[in-house]
Amino acid sequence: MSEPLLEVKSLSTHFFTEDGIVPSVRNVSFTVNKGEIVAIVGESGCGKSVTSLSILQLVSKPGRIVGGEILFNGMDLTKMTEREIRKIRGNKISMIFQEPLTSLNPVFTVGNQITETIRLHQAVDKEQAKKLAIELLKTVGMPNPKKQYSSFPHQLSGGMRQRVMIAMALSCNPELLIADEPTTALDVTIQVQVLNLLRKAQRKFDTSVILITHDLGVVAEMADRVIVMYGGEIVEQNDVYNLFKEPKHPYTKGLLNSTPKIHQLEDSLESIEGNVPTPENMPAGCKFNTRCPFAMQKCIENNPDLERKGDGSYIRCWLYEDSEQEKAEAVVSL
Amino acid sequence: MNMPVEVKETPEGKTGHLLKIEGLKKHYVLSTNLMGKPVKSLKAVDEVTLTIREGETLGIVGESGCGKSTLGNMITRLIEPTGGKVVFENRDLLSMSEKEMRNVRKDIQMIFQDPFSSLNPRMRVFDIIAEPLRTHGVATGESLKKRVEELLEIVGLNRSQGKRFPHEFSGGQRQRIGIARAIALHPKLVVCDEPVSALDVSIQAQILNLLIKLQKELNLTYIFIGHGIPAVKYISDRIAVMYMGEIVEMASKENLFKATKHPYTQGLIDSVPIPDPLLRRDREELLIKGEVSGESDPGEGCRFYPRCPFGTEMCRIEKPSLREHAPDHFAACHYPLS
Numbered sequence: 001m002s003e004p005l006l007e008v009k010s011l012s013t014h015f016f017t018e019d020g021i022v023p024s025v026r027n028v029s030f031t032v033n034k035g036e037i038v039a040i041v042g043e044s045g046c047g048k049s050v051t052s053l054s055i056l057q058l059v060s061k062p063g064r065i066v067g068g069e070i071l072f073n074g075m076d077l078t079k080m081t082e083r084e085i086r087k088i089r090g091n092k093i094s095m096i097f098q099e100p101l102t103s104l105n106p107v108f109t110v111g112n113q114i115t116e117t118i119r120l121h122q123a124v125d126k127e128q129a130k131k132l133a134i135e136l137l138k139t140v141g142m143p144n145p146k147k148q149y150s151s152f153p154h155q156l157s158g159g160m161r162q163r164v165m166i167a168m169a170l171s172c173n174p175e176l177l178i179a180d181e182p183t184t185a186l187d188v189t190i191q192v193q194v195l196n197l198l199r200k201a202q203r204k205f206d207t208s209v210i211l212i213t214h215d216l217g218v219v220a221e222m223a224d225r226v227i228v229m230y231g232g233e234i235v236e237q238n239d240v241y242n243l244f245k246e247p248k249h250p251y252t253k254g255l256l257n258s259t260p261k262i263h264q265l266e267d268s269l270e271s272i273e274g275n276v277p278t279p280e281n282m283p284a285g286c287k288f289n290t291r292c293p294f295a296m297q298k299c300i301e302n303n304p305d306l307e308r309k310g311d312g313s314y315i316r317c318w319l320y321e322d323s324e325q326e327k328a329e330a331v332v333s334l
Numbered sequence: 001m002n003m004p005v006e007v008k009e010t011p012e013g014k015t016g017h018l019l020k021i022e023g024l025k026k027h028y029v030l031s032t033n034l035m036g037k038p039v040k041s042l043k044a045v046d047e048v049t050l051t052i053r054e055g056e057t058l059g060i061v062g063e064s065g066c067g068k069s070t071l072g073n074m075i076t077r078l079i080e081p082t083g084g085k086v087v088f089e090n091r092d093l094l095s096m097s098e099k100e101m102r103n104v105r106k107d108i109q110m111i112f113q114d115p116f117s118s119l120n121p122r123m124r125v126f127d128i129i130a131e132p133l134r135t136h137g138v139a140t141g142e143s144l145k146k147r148v149e150e151l152l153e154i155v156g157l158n159r160s161q162g163k164r165f166p167h168e169f170s171g172g173q174r175q176r177i178g179i180a181r182a183i184a185l186h187p188k189l190v191v192c193d194e195p196v197s198a199l200d201v202s203i204q205a206q207i208l209n210l211l212i213k214l215q216k217e218l219n220l221t222y223i224f225i226g227h228g229i230p231a232v233k234y235i236s237d238r239i240a241v242m243y244m245g246e247i248v249e250m251a252s253k254e255n256l257f258k259a260t261k262h263p264y265t266q267g268l269i270d271s272v273p274i275p276d277p278l279l280r281r282d283r284e285e286l287l288i289k290g291e292v293s294g295e296s297d298p299g300e301g302c303r304f305y306p307r308c309p310f311g312t313e314m315c316r317i318e319k320p321s322l323r324e325h326a327p328d329h330f331a332a333c334h335y336p337l338s
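Chains as they are written, first to last, in full-length UniProt numbering: chain A, 1 to 334; chain B, 1 to 338.
Among the hints, a few may not be true.
These stretches of chain B come out as covered by chain A in the derived footprint (C-beta under 8 Å, 3 or more residues) [said to hold, decoys possible]:
{"id": "1", "region": "23-33"}
{"id": "2", "region": "204-210"}
Straight-line alpha carbon distances no greater than 20 Å define the calculated SDA-like cross-link-like pairs of lysine to any residue that follow [claimed, not checked]:
{"id": "3", "chain 1": "A", "residue 1": "Lys138", "chain 2": "A", "residue 2": "Ser44"}
{"id": "4", "chain 1": "B", "residue 1": "Lys216", "chain 2": "A", "residue 2": "Ser268"}
{"id": "5", "chain 1": "B", "residue 1": "Lys216", "chain 2": "A", "residue 2": "Leu269"}
{"id": "6", "chain 1": "A", "residue 1": "Lys245", "chain 2": "B", "residue 2": "Ala198"}
What the hints contain is simulated information worked out from the structure, not anything from laboratory work. The C-beta atom is built at its ideal place from N, Cα and C for all residues, glycine as well.
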């Protein structure tokens, strides 16, 4: 196993709204190793985006990280001052957002915005920065990079804008790239190009990637390891092959069964009953108990812990509770 | 290259035509000359011809801007076409007066993409569903109440929820309300314009299955417009693929996926990520490169020519027409793939 670049330990981020406290992310722990692509999947409101914003210390009021550590190369990002975190943000850790039109400044040219990032973190002059920027635009497959350097965001298509975002994100050779639904707003033929580009860049620079998505197809195509979130918590974690081969948590299973498959001609879809819970109606006990076909009395009373299993997977479900003896064995084997 | 392929016939009992669209087009004038004559126009939908058989689901797929939603909106005359015919049960909708059209609207209903903006936030759910029944004077008083309650239950909501307002519901539930409204008048044809695109994955399957169930029970015919190819494939019997305002391929779902003829269709299918890591594909060689050109006037030839890996001089000069290359399998390509 390679060494961890990012270690998120018991992260909790709550939003203190007028109507009460909304615990968007609860007790989330995971690691990202060097050169690894970790996908976080889940539906709206599961806490996947807030998790990524927490890593970059970008949670805005009324939200706040209320507990946990985020170790990046051993340094705790949650304890850093704004000045210290700025040296890391955009430099060692950068982010790509879903909607490139809202994350690019409409009144500056594309080139302007890329060179700004470069000059903020690297000691280069204007001319060198421009050269680097054009080189980056070329890397991300921008046709006619010299000309596009002077375009404004609105003059570009969605796919091209996302390429600009990727160019900006890669401009300082980040060690970690957080991509929050990077292709959700794009058409499929463009999505495949952008995913290709991300993968190429990741291989070239050996960047670690956290890929946040709701699309299990994208997960299967890209990820090494998968984290499934539901109701603000991690419910399952496994490497991509085992997760798709043998999903364990009833939610993961449900998600896979409710995804239409293009490679199978005759398919039947099983849906997960009920609705995605909102923070106001989050059930007690296991957060999935209102929709789970296997829910037992225990699930309504107590929330299971995220447990590590012998095969290296993590699962939060009473169905997979180890017996005391197995637990003892697991401890010994550690 | 144009080899005949063996094809299965479409399912029996689906031969009666419910709707025929002939040469339908919508051109938006971008600029005019001094005399007010258009010199430049955007062909959002151009010369679309297709038929919808009774009881079937015709899927219409394509990427953003291909004209699929405009096509759907023209069928219900929410957008007035520039030309062509929409023949529903042997009557041309486009030559009808507003009054006649209102009668036909009972038979043709629509379900919209965004369940947040397609329901009036100031109306109670009961009134939203009752509105079409009241407008057409179908039911009043106790029978109206009974019908609305019945509709709520048909779409998987409970009677008491009729008292609530749309904002109290999740996206999936709102889409159920939209469906209840659409089926209230026993329509024959329902145009579903991206009805699951805005929903979470686990909810999409619920809505798709609900639509399938309702189709069987109420003998509905669907036009299902979508950009998510897996979802369209799941629900449709036949699929039409649109590119830049035109249909480039149309066939039964089986044939479209097994014996794909148009390079664009193939590229579209190959672009969809498969939810199985064992089937990860080598993405080095993409079939479709580049993107849809922003040109309003794509010139003489095939509109897909600039992105097509097989394009020839012929494709640049001459536009291929939509021809039947195999029984019930249409494609607009000079060099079909199979």
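Status of each hint after checking the structure:
no.	hint	result
1	23-33	violated (count 0)
2	204-210	holds (count 5)
3	A:Lys138 x A:Ser44	violated, 35 Å
4	B:Lys216 x A:Ser268	holds, 16 Å
5	B:Lys216 x A:Leu269	holds, 16 Å
6	A:Lys245 x B:Ala198	violated, 28 Å
Consistency with the previously given hints fails for numbers 1, 3, 6, ordered from lowest to highest.
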